[in-house]
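Protein chains: 2
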Amino acid sequence: MATWSSEALTALREAGLRQGGARRAVVEYLSRQDCCRSAQEIHDGIVSAGGAVGVASVYRTLETLAELRLVQRVDVGDGLARFEPAREDEHHHHHLVCDDCGRVEPFTDEPLEQALERAAGRLGYAMQHEVVLRGTCGDCR
Amino acid sequence: MATWSSEALTALREAGLRQGGARRAVVEYLSRQDCCRSAQEIHDGIVSAGGAVGVASVYRTLETLAELRLVQRVDVGDGLARFEPAREDEHHHHHLVCDDCGRVEPFTDEPLEQALERAAGRLGYAMQHEVVLRGTCGDCR
DNA sequence: CAGATTGTTGAGAACCAGTATCATCTAACC
DNA sequence: GGTTAGATGATACTGGTTCTCAACAATCTG
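Chains as they are written, first to last, in the numbering used here: chain A, 1 to 141; chain B, 1001 to 1141.
These aren't lab readings, by the way, just hints derived from the structure by calculation.
Where a beta carbon is used, it is the ideal one built from N, C-alpha and C, also for glycine.
None of the hints are false.
Which chain B residues stay away from chain A? Per the calculated CB distances, all over 12 angstroms, these:
hint	residue
1	1010
2	1016
3	1017
4	1018
5	1019
6	1024
7	1031
8	1032
9	1040
10	1046
11	1047
12	1051
13	1055
14	1090
15	1091
Listed next, with one range per pair, are the computed distances between beta-carbon atoms:
hint	chain 1	residue 1	chain 2	residue 2	range
16	A	2	B	1038	39 to 45 angstroms
17	A	117	B	1105	17 to 23 angstroms
18	B	1017	A	48	44 to 50 angstroms
19	A	123	B	1013	37 to 43 angstroms
20	A	90	B	1054	47 to 53 angstroms
21	A	10	B	1060	45 to 51 angstroms
22	A	80	B	1017	26 to 32 angstroms
23	B	1018	A	20	55 to 61 angstroms
Let's have the full structure, built from the sequences with the hints guiding it.
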């Protein structure tokens, strides 16, 4: 079983795309994250690690990866676009957002997942889905 | 059983807020919608119907209404904030987003709703939730 | 391996949804 | 009707995201 990063790089090649420094850097950075990151965080993370990528390339790469279904776009309503690797099954999760501090954390719930599968099937619609639960996190309570 | 608009206006008054032209126009416009609308759409809708509201007032009113839990903010990941009346039970729904044309349409699914309730309870977390399913809509297929 | 080709990259400008400012207006209270 | 604090709207501003374009480099070819 290949890692997500090698899988992503292979998929890029198969799509007829080249592997420039920016794409490699973004894929490598994302593969080390366990939950979603904003484009700025990704950019800063790469730069502060000694990399040299432009913001534009980060956005372009994320868009490309999203089109290939290699990353999942996550929107929690704070005006930032976040992205995370679209891994198979075991890493699949959804998000809790704290209305007070804005913190985003992942959660999983198997029954919910099954209900989603069935709903999507019934509607003949979705391959990707996103669930956002809002409330007050432990720290803020 | 009161309509959503009169309910919303009452809630505004009870919160010690006045009912200016802008607030009334936004509430009235929203009450006639069956699914979410962006702030721009709301503004344009009111203006093209002969109303005279500033964009700033639309945003301010939406924020106020959201704080009072009278409107639900919906984020489908296209960089626009959408809003819809937060009605009780029967009108509660989630959203399907077409990856091709970007169209947003509502759907309901009772089993999914129950799974959400249980998941939220287990996590001790959420009062509000939002589900977005992505795929290709009938027209684009 | 050098050279050609063409997709990729990065800096900076442009764009645009959303927010802040502030002078004017008006809803609510007397 | 007069007063006053909250509401409104035109406009300037902010910051995330996208566009532009010249320089660059991944891949292919000979």
